[in-house]
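**Student:** Listed in order, the protein sequences are those of chains F and B.
Terminal number for the first sequence in my numbering: 297, no gaps in between.
Terminal number for the second sequence in my numbering: 1122, no gaps in between.
Hints listed in this document are in silico derivations from the structure and should not be mistaken for laboratory results.
Cβ atoms here follow ideal geometry from the backbone N, Cα and C, with glycine treated the same way.
Fair warning: there could be bad hints in the mix.
Rough simulated footprint, nothing fancy, chain F against chain B, three-plus residues with beta-carbon under 8 Å [to be verified]:
(1) 1019-1029
(2) 1041-1048
(3) 1073-1087
(4) 1093-1101
Far from chain B, some chain F residues (derived; all Cβ distances over 10 Å) [unchecked claim]:
(5) L184
(6) R252
(7) S267
Residues per chain, in single letters:
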Amino acid sequence: MGAQLRVYRRRIRSVQSTKKITRAMELIAASRIVKAQQRVTAAQPYARQITRVISALASQSTVDHPLISEKPNPSRAAILVITSDRGLAGGYNANALKEARSLEETLRREGKEPVTYAIGRKAVGYYRFRGREVAQSWTGFSEQPRYEDAKEVADTLIGAFIEATENGGVDEIHVVYTEYVSALTQRPVANRVLPLVVEESDAPPPEGALPLYEFEPSPEALLDTLLPRYVETRVYAALLESAASESASRRRAMKAATDNADELIKSLTRAANSARQAEITQEISEIVGGAAALTDA
Amino acid sequence: MAELHVELVSVEREVWSGEADEVIARTTEGELGILPGHAPLLGQLVDGGTVRILQSGGEIVAAVHGGFLSVTDQGVTVLAEVAEMGSDVDAARARSALERARSAGDAAAERRAESRLRAAGQ
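The shape of chain F in the complex, shown without the other chains (with noise of 0.2 Å):
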């Protein structure tokens, strides 16, 4: 077999063994997507639910809580970025870091100090390569999240809230995720989560009217332990959204590794098999020259 060949039939094997990797992991994404989907959706009614109960809890009551009013003069905004553990997503990572870095541009040209919390191996990858300072990073959970893992960073979030400016608080939260759009699209969005935004608009919500409540205990303390619920429950749907996202990108990735890859093999296969062809004529030439150069002496 000669050199040539011997080289196509080496790069087809390597290129076959690549493809059955991108294709697992295709199949694999694809089976989470459907999970994670299920999860967002799950978690949809408790999500529903608390914001209607503190939409009516504050439209009411006329409580000045520190998690609903905005600061004075807010110097210091933190970003959560929520991105993967793993790469092989195809753009999810940039483009949730795209997001993130636009983000900041907008806070400092309002004056405020951005200061970032990471989520995802991918983004504290992006920061400390850049040398840039993380005020705190979680890793380990971007594929399954759970509900735990959501409240940890959200108590983290809180009580830099809660701190004072000078002490290294914070005066605005946002977060930075990726929101599942379809299988086929996803889009990086940035949210703030607080202070919070209590949407008081005249048409009547959805559901009916907002009950008018009786509380029990008092508003204030209602409101003390409601409102870091709701952080947790807008931290925890962020994370899921990313999930079912990354496994999409993910898929998509790598549906596109498996067409080239078989893109390739295609051509390879073809260049190998002309060699083999060019091979054969050349010896075939050999042999009949011999014979030639035989009979003629």
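Chain F is already provided as a structure; the job is to place chain B on it using the hints.
**Tutor:** Relative to chain F, chain B alone:
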């Protein structure tokens, strides 16, 4: 008799929803029973408590941790950080969790395990 629409939702999923005659729960202020037509109320439930949902066919008990009770014209919603139906509780596991919590001196975990056992009817 009018019926109450009851929803029991935990952070991760909707645990139970349906029609009921009465809901009995314990808020930080004390135990209360909610019948159809109750005034709108928002209450904080005690940690490691149980919520009892009375139906004509019988009674459903759920262990609820870190929850809120919202009564509106549309019905009753129990928002819980963790909620588990009594019928889903693995009594053996809850009991071993209780013993673990007791030996570790973890009062919160002990209350949780106790409420799970109570919800399981033991």
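**Student:** All hints are to be evaluated individually against the structure, with a verdict given for each.
**Tutor:** How the hints compare with the structure:
no.	hint	in the structure
1	1019-1029	holds (count 3)
2	1041-1048	holds (count 4)
3	1073-1087	holds (count 5)
4	1093-1101	violated (count 0)
5	L184	holds (27 Å)
6	R252	holds (27 Å)
7	S267	holds (49 Å)
Violated hint: 4 only; the structure is consistent with all others.
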